[in-house]
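S.K.: For the sequence shown, the numbering used here gives the first residue as 1, with consecutive numbering after it.
Warning: the hint list may mix true and false statements.
Ranges of calculated distance between the beta carbons of each label pair, as one might list FRET restraints [said to hold, decoys possible]:
1) LEU122 to GLY33: 17 to 23 Å
2) ILE70 to GLN93: 33 to 39 Å
3) ALA131 to ASN2: 18 to 24 Å
4) LYS132 to LEU15: 27 to 33 Å
Straight-line Cα separation of at most 27 Å, DSS-like style, residue types lysine-lysine; simulated pairs [stated by the list, open to error]:
5) LYS27 to LYS127
6) LYS67 to LYS27
7) LYS127 to LYS67
8) LYS67 to LYS101
Rather than coming from a laboratory, the hints here were simulated on the basis of the structure. Backbone N, C-alpha and C define an ideal beta-carbon position, used for all residues, glycine too.
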Amino acid sequence: MNTIINFSAPAGRFLIALIFLMSGVNKIFSYAGTQGYMEAMGVPGFLLPLVIITEVFGALAIILGWKTQIAALALAGFSLVSAALFHADFSDQMQMILFMKNVAIAGGFLILIAQGPGSYALDNRAKANKAKA
Numbered sequence: 001m002n003t004i005i006n007f008s009a010p011a012g013r014f015l016i017a018l019i020f021l022m023s024g025v026n027k028i029f030s031y032a033g034t035q036g037y038m039e040a041m042g043v044p045g046f047l048l049p050l051v052i053i054t055e056v057f058g059a060l061a062i063i064l065g066w067k068t069q070i071a072a073l074a075l076a077g078f079s080l081v082s083a084a085l086f087h088a089d090f091s092d093q094m095q096m097i098l099f100m101k102n103v104a105i106a107g108g109f110l111i112l113i114a115q116g117p118g119s120y121a122l123d124n125r126a127k128a129n130k131a132k133a
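Given these sequences and hints, build the entire structure.
M.R.: Here it is as C-alpha cells:
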C-alpha cells in the first residue's frame with residue numbers, strides 16, 4: 001500500500017498539471033489564433049505571454065514538485081478566472097461542463113496546497129537540506 005501512496009502524489013501532480021502544460025505549449029504554436037480568441041472574449045491579447053508563462057512554468061513546477069504551493073495557488077486562480085471569463089455561458093451545456101471542469105481543477109490545486117506535494121518532490125529536498133543545516 002505504501003508504494004501506491006508514494007507514487008500517487010507524483011502521478012497526481014503530473015496528471016493535474018498536464019492539461020496546463022499542453023495548453024500552454026499549444027498557445028505558443030497557435031499564438032495569433034489564441035490572441036484573437038482572447039480579444040473576441042474581451043480579454044486583452046497582450047496578456048497572452050503571461051498566460052503562456054503561467055501555464056507552462058506553473059505546470060512544470062507542479063510536475064517537479066518545486067514551489068508546489070505557490071504554483072498550485074497560481075493555477076487555481078488561473079482556473080477560476082478563465083472559467084469566469086471563457087466558460088460562463090450556462091445556457092450552453094458544454095460551456096457549463098467546461099466551467100465545472102475548471103472549478104474542479106481549482107479544487108484539486110487547493111487540496112495540493114493543503115496537503116503539500118507528496119513524495120518525489122523537489123520541495124522535499126529543500127526541506128531536507130534546511131533540516132541538515
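S.K.: With reference to the structure, classify each hint as holding or not holding.
M.R.: Results for each hint:
| no. | hint | verdict |
| --- | --- | --- |
| 1 | LEU122 to GLY33: 17 to 23 Å | violated, 34 Å |
| 2 | ILE70 to GLN93: 33 to 39 Å | holds, 35 Å |
| 3 | ALA131 to ASN2: 18 to 24 Å | holds, 22 Å |
| 4 | LYS132 to LEU15: 27 to 33 Å | holds, 32 Å |
| 5 | LYS27 to LYS127 | violated, 35 Å |
| 6 | LYS67 to LYS27 | holds, 24 Å |
| 7 | LYS127 to LYS67 | holds, 11 Å |
| 8 | LYS67 to LYS101 | holds, 24 Å |
The earlier numbered hints that this structure contradicts are 1, 5.
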